[in-house]
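Student: Just so you know, the sequences run in chain order A, B, C and D.
103 is the number that the numbering used here gives to position 103 of the first sequence; each next residue is one higher, with no gaps.
73 is the number that the numbering used here gives to position 73 of the second sequence; each next residue is one higher, with no gaps.
39 is the number that the numbering used here gives to position 39 of the third sequence; each next residue is one higher, with no gaps.
236 is the number that the numbering used here gives to position 236 of the fourth sequence; each next residue is one higher, with no gaps.
FYI, nobody ran anything at the bench for these hints, they're computed from the structure.
In this text, all values refer to a predicted model and were calculated from it rather than measured experimentally.
A virtual CB, placed ideally from N, CA and C, is assigned to each residue, including glycine.
Fair warning: there could be bad hints in the mix.
Looking from chain C toward chain A, a few residues come up when the C-beta cut is under 10 angstroms (computed) [unchecked claim]:
{"#": "1", "residue": "Ala144"}
{"#": "2", "residue": "Cys145"}
{"#": "3", "residue": "Leu304"}
In silico negatives: residues of chain A with every beta carbon more than 12 angstroms from chain B [claimed, not checked]:
{"#": "4", "residue": "Asp10"}
{"#": "5", "residue": "Leu18"}
{"#": "6", "residue": "Trp60"}
{"#": "7", "residue": "Ser115"}
{"#": "8", "residue": "Phe152"}
{"#": "9", "residue": "Tyr157"}
{"#": "10", "residue": "Val185"}
{"#": "11", "residue": "Cys191"}
{"#": "12", "residue": "Val242"}
{"#": "13", "residue": "Ile246"}
{"#": "14", "residue": "Gln251"}
{"#": "15", "residue": "Thr271"}
{"#": "16", "residue": "Thr288"}
{"#": "17", "residue": "Leu300"}
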Amino acid sequence: MALFLVNVLDGFVTGLLLFMLCSGLTLIFSMMGVLNFAHASFYMLGAYFAYQISLVTGFWIGLLVAPLIVGLIGALIERYGLRRVHKYGHVPELIFTFGLALLIEETIQFFWGKSQLPFSEPAALDFAAFAIAGNAFPAYKVFMIAVAMGIFLTLLYILTKTRIGMTIQAALSYPETVQNLGHNVPLVFMCVFGVGTAMAGLAGVIAGPVLGVFPGMALQLGSIVFVTIVIGGLGSLWGALVASLIIGWLQTFATAYDVTAEQVLTAIGFTKPEMIWDHPLQDLWTLTLPQLGPILPYLLMVIVLVLRPQGLMGNRES
Amino acid sequence: MNKFNLMMATALAAGLVAGAAAAQEKVRIAFIDPLSGPFATTGTQGLAIYRHSVKELVNEPGALLDGNAEFEMVPFDNKISAKESLIQLQVAMDQGIRVIAQGASSGVANALTEAVAKHNRRNPDDPVIFLNHSAVDPALTNDKCQFWHFRFDANADIKMDALTDDIAANPDIKKVYVIGQDYSFGKAVAAAAQRFLQEKRPDIEIVGNELHPIGKVKDFTPYARKIVGSGADAVITGNWGGDMVGLGKAVMGAGFDKPIYTYYGATSGITAAFGEEGDGIVKLVGAGQVNPAPTLEAQEFIEAFYVSFPDLDFGQPQMANVAPMLAAAINEVGNATDIKAIAYALEGMEYDSIVTGKTLMRESDHQTIQTVTVQGQTPEAAFDYDNSGRGMVAETVVELASNDSATTCEMKRP
Amino acid sequence: MTIASKTPLTAGSTRLISLSNAMPWAFAALFLLCLPFVFQSNSALTIMNQMAITIVFALSYNMLLGQGGMLSFGHAVYMGLGGFFAMHVMNMVEDGLWLPLPFLPIVGGLFGMVFAFLIGSFSTRRAGTVFAMISLGVGELIAACSVIIVVFFGGEEGISGDRTMGPPVFGYEFLTQQEVYYLTVVWLLLAALLMYLFSRTPIGRIANAVRDNEERAEFLGYSQRNVRWISFCASGFFAGVAGSLFAINFEILTEENLNLATSGSILLITFIGGAGFFVGPIIGAIVFTLLQTVLGLHTELWALYLGILFVSCVMFFPSGFAGLIAMHRRPLALGKMKLLIKPYLKVAIPAITSVLSLAAVLEILFHKRHGYGGDHEMHLYGIAFDSGGYQAVAFATIIAAISLILVSRVLPEIREAWDNANHAEDRA
Amino acid sequence: MSAPAIELKNLEKSFGLARIIQGVNLQIAKGERHAVIGPNGAGKSTLFNLITGRFAPTSGGVFLHGEDVTGLKPFEINRRGLSRSFQITNIFPNMTVFENIRCGLLWTMGYRYSFWHMIGRQQDVTEKAEEILAQINLSSRRNELAGTLAYAEQRALEIGITIAGGADIILLDEPCAGMSHSETDLIVDLIRKVTEDKTLLIVEHDMGVIFDLADQISVLVYGEVIESDTPDVVRASAKVKEAYLGASLEA
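This is chain A alone, in the form it adopts within the complex (with noise of 0.2 angstroms):
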């Protein structure tokens, strides 16, 4: 029991993290229809950026500067490359964020070579908040959780309680309202791009000093967040909350519990070949859950999208 409430908090962590990725992609995608494959590239942007500043400043600034800075990048992308790109249609625009992933990491090897850096968390926060039965919990993810509440509770104030925010929340529905904002979209649109990819820069920071800060961190969360925007359905951000904390969890129990195949074809019932590693199944028995965990997420995506094509809380295909 002790463990399950750890696991909870645990994939509740993992799951906000998500969500925060998930929050500004989700935001770009409703409003310009781009899909912005890169969106992870920023969080790692976030990342690096952060541990450069903190070098000089301590961490504190570098949580405020970094996402600052990735989101002035996000927006003169956006105004000097995907603008240009725009009118060629959907699928270039998408080639182009998928060609910025590729760039990005590059640029980066570029700048801090391949090895992971020793970013930690902050001196003021590496302590044990709590235990559960000797389970310690750090007070950097406690931490982790007050900031991407806070950014969850200020966008969604923003959405529901200023003008602006309203007319993003009808966008997300029916995208012709976007020409609701005046003539001033373009402007509009650089500064969502800008928004999203500072939010996924802050994330990158505040997650680096646990998942670590290397070259592939952006490949390693970025199909994943596909994945969870799609499982949300394309264009709800409730979607994308709802589908980010299942996901969490759904890791979390995944790893945190060893059921193995071999428990569960027993207990209905098969008998175990006793020639297990000549046996043409035998990856079938030697199968157990947390070795599942990581396609888990894909499995539900294929699962959803032929169930719902439109996605779990999605209200419009495509």
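Model the placement of chains B, C and D on the given structure of chain A, informed by the hints.
Tutor: This is chains B, C and D only, laid out in the frame that chain A set:
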């Protein structure tokens, strides 16, 4: 503009010609390892150790054919891909190189050893020799062994033998958790841990034995929770790269303060990432030792390495043996072209290494037998890793480790 | 994106391919057959084989992207699965199954097709973003399965085999790289021809129609899903053929044959070459293989250059290299190429210089930062110098700046010449 | 008497709370030229979309030659001999004019999903496509990309694609929208020519065109058919006048 362009073109052409002409009295070794991409650090570091040992132990002392020949390292970037490795092998052979060195990734080593065996079977008069400096999947010197492959690192079983010696000597350890990456090497480590612990300390309970997907786990926290929850007194893992950092940080972050035995828990950014938290906790099993330098020559040799390569680590001491042992074999044959004779000369060779002590290339399976040490992370290391101020110091030293270990290898000799 | 079928029609011709269309194929065949007499080394043959395989793969990918308007991030799966299956069959041949090696690609192709049929049943319902995301998810799923299903994928070390164990074909056992080259080339020509012909069948044309306007196609009696599904299966077949050729050439398949990196690079190859043209992927595959293997020998930064090339390609010439070439068809038809030659020559030297010097700036900076242990001696373009100080960077930067200014000076002239060359009547 | 070519029974369509089509009943006999008129926002295009399967109706049914086609996909309805054009030009912009027409022919000429025919070798398709090109006066534009044509030419091409498959029921959605008088005359002649012996359902704003072409006219106001009769009757109908006047006053 015109003139500059022309100048560059001629310079380029001249460079190519010079590159082709300078290759005469050199014995070239193709170094096929990742030099770009996520594992570039491993390859770059290995290449540096090779270059350093070639310079200090062979070329400068004139140790190859009485100083009439020199070794030259020719790097080939395989991007840690099996396909690229085979292409680079082909390129290297086309350039006339007949000595291939590789080590990062047992998967690539498997591909290369098969490709080399196939090539030598199809071209019996023009064989190629494969010097494996750090791929430690036991299969390479057991079921998949072949005459042209030589392994200079201690394989996973040998390392586990030494590692479990250390555990067996520690009465505080009653429960062990084994975790590794889900592929041949991870499985080999798990199997060896089980076997040796059963043999040496049947009272130790293995409270967890699991494999996780390689390179796919973003957050090791749930694993760490299980490890802490199991009440383990020690962790054994064969993880490397990002999986090592992730696992180590998560386990220590979850409040685990007992030994974590690793195969690759140091250098390449890992020591820096663990930092202070890893002191006294992270253990590493490996061939030879760096701290304290086992011999005076080793002390000078490693010091010189850090002068030449201040940003890199002297991470895998056994790699410094490859060049001098090859040189000794060539000297015994008397020329560098009869690859078959050189391979026969390498078989059974005994060598006094400055870093791995008494070293023996076992004839039966082409597995090197050498000193294997269990080292612990500490801030009091003379030679540090990742410029982090901390390094690995030998705690348990096993000379000629696993000299009498069995092999399933049935060597077919040409 | 300008993806258009711009090949002239051959209406009324009763031959399979008209003479004018057959000529390029004959030339290509002759050229490929003669190549080994020029490039004799095994590594050159290996690289050419790899190029051929990449071409087949890229052409099959373009059946989706260029012909059918489907952006896939997981096409490596079909090549990889076809290859793995072919490898298992190769091992069965070693155990006594009778199958001459040249027929292996058919087996792998069929497997790729069967798998495409299964995945296509749900992924082709929609095009665009949803299709792209499903392809990504399925790709990641299969790649992750490769380490779990060891029986089929062989885990991390993959599956290997020996191609020489089958029955000899006309006395050939495919021992040498050259024999394999000819086998690969025959399959390259066959596969490319079949894919070309496919684009000229009713379904091939309707695939273009669905790409352009899926709704309109539905009102012409065509189910957009079925059209995409059929293209998808055909594409899966040729991807499987490419996978089998890979199996024959390298005699090993691993996880990397399935993963996102491979899928991504085939997208990059096809796009750089020009997705709107049949020859686009061919050009892309040749350029990419050369960049990867040749440039990769000389610089660690090859992937960075590739990324820059790719992004600038999407931004500035989205129809790829083939599009750049095709742009010149009109001036050529008008007989006005000569108007362009002079300004092109004029821009060539500063343009090449600027590219080289910009690359030099990157190389020097990189060397300064990551060069072997403080050793600042650097060789670039055959010149040895010290990368430690700021002189080298400054020098390269200045040259880059000057040449870029020169390029920008010539640009208006090119633009004017281009306008003139594209107009039937001379402008006063 | 055979079943009507098109029959709508209590057809309804709502988008959320908005009831766009509210219980339309309509019968169009075989060979009839039937026009639908009505003020803006009356639901004319929605009605077309319901008949052709672009939208699924909320309730009610659509029958072609007595066969229930309600809820079928557009391509399934098309295969039952119904073809339509669009209000906003809907062609294949990156293909040549000739290929646009040819795509309209392939299904009905039996080539379907064939990958064993070389399309260039099929004389019958080529000849038929050339014939249609001549009919719509675009032979000279044969090899141009459809996207580069002038607006009026694109409208003609749209009609060409629509009739190419030889469907016996043709639905045209504002074929003359945005055209000059002379262009309109040409298009009307073209429509008359190509819909010979076919059932035609047309939506058009240009009353001249309607009264020129139609045998029967239905008036759609706020999703309801308020009158359906011959042009003369409709012209004289007080109900229609009121509806048009009322609608324009409200607007």
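Student: Identify every previously stated hint that the structure contradicts and give their numbers, smallest first.
Tutor: 4, 5, 7, 14, 16
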